[in-house]
Structures are given as structure tokens and as C-alpha cells.
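Q: Sequence:
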Amino acid sequence: MAPRVRTNANNTKKFSSVAEKLTQAEKDLPSLAEIKAAVPKHCFERNPLTGFYYILRDGVVISALGWLAWQLPHENMPLWAMVAWALYAFWQGTALTGWWVIAHECGHGAFSPSQTLNDCVGYVLHTILYVPYFSWQYSHAKHHSKTNHLLDGETHVPATKKGFKLYKAVHSVIGDDAFAALQVVLHLLLGWPMYLVLNATGSRRLNKEFGHKRIPKGEVLDHFRPTSKLFPKSWRFRIFLSSAGLIAWTLVLAIVSQKIGFQRVSLMYVFPYLWTNAWLVLYTWLQHTEETIPHWGEGEGNWTWLKGAALGTIDREYGIFDWFHHHIGSTHVCHHIFSKIPHYHAQEATIHLKKKLGYMYNYNPELWVASMWKVAKTCHYVDGVQGRQFPKSAKKFSKSA
Numbered sequence: 001m002a003p004r005v006r007t008n009a010n011n012t013k014k015f016s017s018v019a020e021k022l023t024q025a026e027k028d029l030p031s032l033a034e035i036k037a038a039v040p041k042h043c044f045e046r047n048p049l050t051g052f053y054y055i056l057r058d059g060v061v062i063s064a065l066g067w068l069a070w071q072l073p074h075e076n077m078p079l080w081a082m083v084a085w086a087l088y089a090f091w092q093g094t095a096l097t098g099w100w101v102i103a104h105e106c107g108h109g110a111f112s113p114s115q116t117l118n119d120c121v122g123y124v125l126h127t128i129l130y131v132p133y134f135s136w137q138y139s140h141a142k143h144h145s146k147t148n149h150l151l152d153g154e155t156h157v158p159a160t161k162k163g164f165k166l167y168k169a170v171h172s173v174i175g176d177d178a179f180a181a182l183q184v185v186l187h188l189l190l191g192w193p194m195y196l197v198l199n200a201t202g203s204r205r206l207n208k209e210f211g212h213k214r215i216p217k218g219e220v221l222d223h224f225r226p227t228s229k230l231f232p233k234s235w236r237f238r239i240f241l242s243s244a245g246l247i248a249w250t251l252v253l254a255i256v257s258q259k260i261g262f263q264r265v266s267l268m269y270v271f272p273y274l275w276t277n278a279w280l281v282l283y284t285w286l287q288h289t290e291e292t293i294p295h296w297g298e299g300e301g302n303w304t305w306l307k308g309a310a311l312g313t314i315d316r317e318y319g320i321f322d323w324f325h326h327h328i329g330s331t332h333v334c335h336h337i338f339s340k341i342p343h344y345h346a347q348e349a350t351i352h353l354k355k356k357l358g359y360m361y362n363y364n365p366e367l368w369v370a371s372m373w374k375v376a377k378t379c380h381y382v383d384g385v386q387g388r389q390f391p392k393s394a395k396k397f398s399k400s401a
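According to this note's numbering, the sequence shown holds residues 1 to 401 in order.
Just so you know, these hints were derived from the structure itself, not from any lab. Bear in mind the structure is a predicted one, so any value in this text is a computation, not a measurement. Errors might be hidden in some of the hints.
[As the list claims (entries may be wrong)] What follows is a set of in silico ranges between Cβ atoms, one per label pair, in the way DEER data are often shown:
1. Ile174 - Asn47: 49 to 57 Å
2. Lys14 - Glu291: 14 to 22 Å
3. Leu186 - Leu253: 22 to 30 Å
4. Ser398 - Ser63: 48 to 56 Å
5. Ser16 - Val220: 22 to 30 Å
Ideal Cβ placement from N, Cα and C applies to all residues, glycine included.
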């Protein structure tokens, strides 16, 4: 069954297919200047004091949860304590994601007008969350500059039909629901480390400095080596600083483990850290993936930056987690068009952005859990890297097609 074509509630335009809607949207899409003019000027103002307030706010939540967890038994635990630690891991990982989002804003320059201050704050926050700050700042900027580009995009670049054959074999053996569950586990548990170490689901081509050609087989593009071809040579010192910060933080955790025990460090930090990783992957996955969200390659229907930012991004509902995560998932279209708008202005900016884009604004009112399961069941590959492509499910895969 063809996916339902969503339209803005305030717009009466109807389309017979997703492709028809996109074709019209590409013609009607306003210019960046026109979109910017629709957003109040104060939404672009960045106040570091406001930014530090939100760091403090998140810090209070994180500290309160940490204090409560410190009271729990951590050896020879009864069942109730195990349940309490599991709940702590989830909610502490959720709270830490707030700091992660603010550090991510620092990388974009949205925390303050001073990039030096942005980098200092972002470096500290991301390092204690095991994110190589400058390394990811670079690759994430590429994700923004090449959103949903099938050759040059970063993170969650879909597999092609040719590359999906092995996964289809797994799907045929375990079935649709089990395959969807496997997708969720692989994305949320392994997605982040595999991206950092192997650039999994990253770009298919090297940077222009290295010939802008397909990445050779066996070439490892990691986020840790200054000589990794993921980065231009001019970034090598910054990549070194990122990795050095992670090494220093590892030594801190090792010292703490000697004093209070590795088991307690794992309970207090490592398991929440895994939930933070799951959240950040969930956002980058869901905000650009749906049956109705296009990807662009070369040839007909060429990609442009504004198409990727406005038409290749979707806002979703996250309930109470929007408060914890500074609305990064429900204002993501705005974030991709104007990445320097701070999160505390993004909701207001989104209201005006939605009015300006009309039917072109992508929004799914389903709660994030339902969206995650639907995406895991329906968005597995694209036919190729030419022209416009829409995600397809393993059910639609056929050898002859």
C-alpha cells in the first residue's frame, strides 16, 4: 500500500502520490531569504547567559538523579534495586542528552556569538559524553551541508538495493517484525560507535581534497585519527584535540573506578551513557527517514542544499522528552534551515516556518515510539543513487526488479 501523503493542516492542496507532491514542492519552495524573512529577527539572537541557564537546569536534573542513584545498593542487589538501576540508567541517559544537544548547538555556533566560547563549552560537554567534539563538529556540519544526499550525505545514508541483499536474506529468515526489532537494536545500541569507528552509514565519497571519488574498499574513515580521510588536512590538530580529550576523560574514569569500583562507575555512568547514545542516534535516524521523505543522488531531480534541509527533514512528537532534549526533534526542520537559531527560540521560529512552508512542511504527529517502529519496518533501502529516491521496505525487495 502506498504511503499516505501528508499535507499541512492549513493548506488544502491534495496530491495523488508522494512523487507528485515532491515535484510541486520543489517548484514552490521559497528561497532561503524568503523563509528567513518570515521568522522574527529576535529568534536569531544568541544569548550565552540563557545557554548557561539551560546547562545549569540540566545539571540540576542530572545531579539529583545521580544523588538518588548513589543511595541504591550496588552489590548483591535485590530485584527492586535492579529495577531501580535500570530506571536510573534510562532517565539519567535521557537527562544527559540535554547536555549533548547543547554541546551540539555549540558546534553550530548557536550557543553564543563567540565561536571560541562555543568550542570551549561544547568541547567540555561532549568530551564527558565520549563525543570527539571537533571531529563530530566537522562530520555533522557535512550532514547539514549535504542533508539526504545519497553520495555526499553523512549519517543514515540508506543502503542501495545492491548493498541490501545480505540484509534481505536475514529478513527472509527471521520475518518482518523480528527484522524491524533488529533494526532498532542495531541502530540504537551499535549505530553510534560504528559511525565513529567505521563511518557506517556515512558518505559514499571522499572529500574534494582527496579526489571526491568513491571511498575505496578497505579504507577506514574514523573520527579519531588526525590522518583519517574523513577530514581535510587543515583539521588535523583539532582532531588530535578531540581524541586527546577522550583519552584524558578515560583516565579520569579509570581513577574514579579505582576508588569506587568499576561496577559502580558502570551503574552510575556507563549504562546511562548507552541511553544517551541511543537518543542521539534515534534523532538523526527519525528526523530524516520516512517513506515520504526523499533522498537525492545525481541526475534528474538534482539535490540542492535547501531541498535537503526543508524537504528532507521531518519534525516529530516526543512528548515529555522534548523538555529534556530542548525540542531538537520537534523543531528539526527549523534547525536544518537555520542551524544557528538557539533551541530556546526554535519553537517560535517553527510556528512561522510552518506557515511559510505550508504543505511543504514535513510533520508527523505520531509519538516517537510509533514512528520508530514504522521506520524500522518500512525504510530499509533505496533503488540506487540516481535522481530522487524514496526509502523502501524489505518486503518490496525483489531480485528481478
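Q: Against this structure, judge whether each hint is valid.
A: Evaluated hints:
{"no.": "1", "hint": "Ile174 - Asn47: 49 to 57 Å", "in the structure": "holds, 51 Å"}
{"no.": "2", "hint": "Lys14 - Glu291: 14 to 22 Å", "in the structure": "holds, 18 Å"}
{"no.": "3", "hint": "Leu186 - Leu253: 22 to 30 Å", "in the structure": "holds, 26 Å"}
{"no.": "4", "hint": "Ser398 - Ser63: 48 to 56 Å", "in the structure": "holds, 55 Å"}
{"no.": "5", "hint": "Ser16 - Val220: 22 to 30 Å", "in the structure": "violated, 46 Å"}
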